[in-house]
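In order, the protein sequence lines correspond to chains A and B. Take 3 as the starting number for the first sequence in this note's numbering and just add one per residue. Take 3 as the starting number for the second sequence in this note's numbering and just add one per residue.
Quick caveat, the hints were computed from the structure, so don't treat them as lab data. Hints are supplied without guarantee of correctness; some may be wrong.
Identical copies look the same in the list; a pair holds intra-copy or inter-copy alike.
Said to hold, decoys possible - In silico lysine-lysine, BS3-like type, Cα no more than 30 Å apart, as pairs:
(1) 160 with 257
(2) 249 with 337
(3) 374 with 134
(4) 306 with 337
(5) 374 with 386
This structure is a prediction, so every number in the text was calculated from the model and none was measured.
2 protein chains.
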Amino acid sequence: MLSVESKRYVLLQEYRLHICMYFYLKEGGSFVHVGISSSTINHQARSKIKNIQKSSFQIATTTNHQQLRRNAHIISMHWLIRWLTNSSLLAWTILFCLSAATSSFSTTNMADFPPPKDYSHLIFETKQDNTKWFHERGPLWQGQAFSLQIKEVLYHQKSLFQDVLVFDSEHHGKVLVLDGVIQCTERDEFSYQEMMAHIPLYAHPDPKKVLVIGGGDGGVLREIARHPGVEEIVICELDKDVIDVSKKYLPFMAKGFDDPRVKVNIMDGAKFMEENQSSFDVIITDSSDPVGPACVLFETPFYKAMHGSLREGGIICTQGECVWLHVNLIQPLVKAITSLFTTVEYAYCTIPSYPSGQIGFIIASKGGKGCKVPTRTPEASVQKELRYYTPDIHQASFVLPAFAERAIFGSDR
Amino acid sequence: MLSVESKRYVLLQEYRLHICMYFYLKEGGSFVHVGISSSTINHQARSKIKNIQKSSFQIATTTNHQQLRRNAHIISMHWLIRWLTNSSLLAWTILFCLSAATSSFSTTNMADFPPPKDYSHLIFETKQDNTKWFHERGPLWQGQAFSLQIKEVLYHQKSLFQDVLVFDSEHHGKVLVLDGVIQCTERDEFSYQEMMAHIPLYAHPDPKKVLVIGGGDGGVLREIARHPGVEEIVICELDKDVIDVSKKYLPFMAKGFDDPRVKVNIMDGAKFMEENQSSFDVIITDSSDPVGPACVLFETPFYKAMHGSLREGGIICTQGECVWLHVNLIQPLVKAITSLFTTVEYAYCTIPSYPSGQIGFIIASKGGKGCKVPTRTPEASVQKELRYYTPDIHQASFVLPAFAERAIFGSDR
């Protein structure tokens with residue numbers, strides 16, 4: 003008999019695997035899954051796949067397991083056991099039994115939370131003054147919630163990948179919400195976008211080619227476009243709806259797409275990087291939280307893919323969650339990629355509309371001496387337009403509170 | 003006919019004056035107020051005074067106007083006009099007409115918000131999962147709210163001065179709330195307390211006598227007590243209930259009171275400073291927001307009182323609100339006290355449970371070259387116990403985002 007924790011763990015592993023499979027399926031395709039799942043687990047997993055409405059879920063058809071390269075650690079174990087047992091079905095069965103038994107299946111623990119199912123409860127009206135609020139609750143920030151007062155809901159649809167909500171707020175301008183989580187508000191988005199783009203770009207002596215993964219709102223593109231030396235800006239966004247919605251409702255960010263150097267790919271960033279080895283000076287991953295489809299972006303294989311796609315001397319900057327909430331998620335990831343990159347550092351900026359009012363960045367380099375000190379500074383005309391970034395705050399943003407420094411980098415630092 | 007804004011302004015000025023008067027009244031005392039107030043305004047002002055349940059409000063009795071020294075700018079104008087007109091009643095009348103007409107009565111605008119009346123709406127239960135939440139809404143952070151999930155309400159009473167609530171939260175430990183505003187949570191209070199105490203103390207070469215105004219929870223005392231060189235720690239807290247409640251429910255902070263160097267005064271800090279000129283090396287004002295009784299702590303006369311009570315080379319550190327919300331309140335205050343102190347600087351720390359996830363400090367010195375670089379560093383044994391402060395974060399905390407630097411100190415910085 004499996005414990006509740008083990009059952010939950012299996013469900014999560016299954017969910018992540020299914021999402022991976024899903025990304026690699028052709029329209030209408032299907033895949034086999036055989037494991038130890040109880041009917042409850044299967045029911046839940048099935049409902050997830052149905053939720054994203056691309057393929058019908060069938061437990062009868064085979065598909066090409068080789069396509070599941072992204073979850074390399076799962077697949078390699080599968081192939082090993084398959085080779086030992088000479089049976090694919092048996093291999094999956096053993097694999098999931100193992101997963102449930104050891105609870106140490108994943109190299110990191112970034113994805114230990116199932117995505118919420120329904121977001122209707124996130125909008126509520128108060129009885130006292132009949133004001134309407136968006137109430138942001140999530141498994142990654144239990145027991146706390148940030149709320150914004152809604153003036154008008156402008157858009158609310160499910161895309162192929164996620165729940166997309168845009169509303170006009172009373173005091174924070176337009177707000178983009180994906181899967182119930184605030185991605186940006188017009189009032190404070192500049193802080194995140196500027197720091198995410200300018201820390202790696204001003205740390206790099208001469209960035210020519212820049213890759214953005216995610217970031218479909220265009221905000222990071224807008225900031226990269228401020229660098230005249232950059233010749234090519236490629237963006238890989240999985241969800242075309244995010245781009246379309248941003249162009250319609252969030253032009254202050256989506257104007258980033260107007261720059262002629264920007265090339266848009268609606269595709270999976272990991273796949274693109276595999277096909278473009280040693281190609282980029284800077285890679286920026288502007289992702290949502292590690293819940294649902296974005297889970298894989300917080301795992302070692304994805305960082306290996308970024309490393310492979312970087313030129314020598316290149317720098318990556320990825321959304322790195324919050325030290326007040328997620329040191330237990332950040333630390334193993336930072337540790338896991340330390341052997342991969344020459345330097346791995348962590349910076350942060352304040353941004354009121356993100357959980358706990360700040361967000362961090364994992365900044366790593368392939369060669370070089372680290373990114374804490376900018377090698378270039380903004381032209382006066384550019385600095386005038388920036389609202390958060392300065393060369394001073396570049397350096398200050400790497401200075402962590404004692405508890406975070408200890409937890410992420412160990413007590414000797 | 004007064005405009006709505008003017009009426010509101012008069013109400014606020016009146017409210018602030020009444021609070022000042024109230025503090026100086028004996029139990030059962032009363033005071034006269036004659037002005038241009040409409041009945042609505044009087045009704046509102048009256049209800050405020052009643053709310054704090056110390057004195058009945060009468061518009062018929064006189065009191066000693068000389069006691070109103072704290073609102074010096076109002077009082078001095080009153081005396082000037084009284085001298086000119088030879089009538090106290092007429093003086094007050096002219097004064098308030100003038101206030102309404104010019105709307106430039108106050109040297110700063112820190113107090114332009116009336117306190118909320120009732121806090122019952124701040125606790126609500128969600129229908130979806132029957133969880134109980136404390137919902138922090140306030141006039142100083144319109145359109146946004148931070149919520150904490152409640153495990154159990156431990157204490158909820160009105161003190162002489164304010165509404166005092168203590169609850170145990172699901173994920174943030176014990177929480178103290180005054181007048182509907184979170185003052186500290188067990189999970190993150192160390193950030194604020196450490197930075198508020200250690201920035202001025204480590205900036206000062208040899209602090210012997212330290213004064214704390216407010217800070218009845220004891221957290222700042224706990225941090226000051228880490229400095230072996232400090233010989234005397236005086237605290238002036240107006241509200242004894244806050245101390246008593248903290249000792250009972252928040253011992254992790256209230257243990258600050260246990261240090262034998264601590265002397266507790268239940269009194270108004272401004273009065274104490276007047277009686278103790280040139281006495282302290284460091285003065286720390288750990289106040290609530292400028293709503294209600296704490297308004298006066300955000301005005302120039304209070305800073306003059308601190309300056310007077312500082313020894314040469316002394317440093318003050320006061321709660322300075324948040325750059326994401328209050329630059330329009332911080333900037334005029336910083337400007338107003340620049341001529342008073344040798345250096346006026348602004349630092350901040352991150353703290354998830356404060357509005358927008360951070361809080362700032364106004365740090366000013368009487369002599370000296372500023373406080374951005376610590377003159378001393380913590381002993382290894384002390385540093386080990388600190389969870390936020392390090393000498394590096396001391397310096398980094400003064401580096402403001404571009405927008406805040408421009409707004410508070412002007413674009414030339």
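Self-check item: Enumerated hints in conflict with the structure, sorted upward
Solution: The structure conflicts with hints 2, 3, although it agrees with all the remaining ones.
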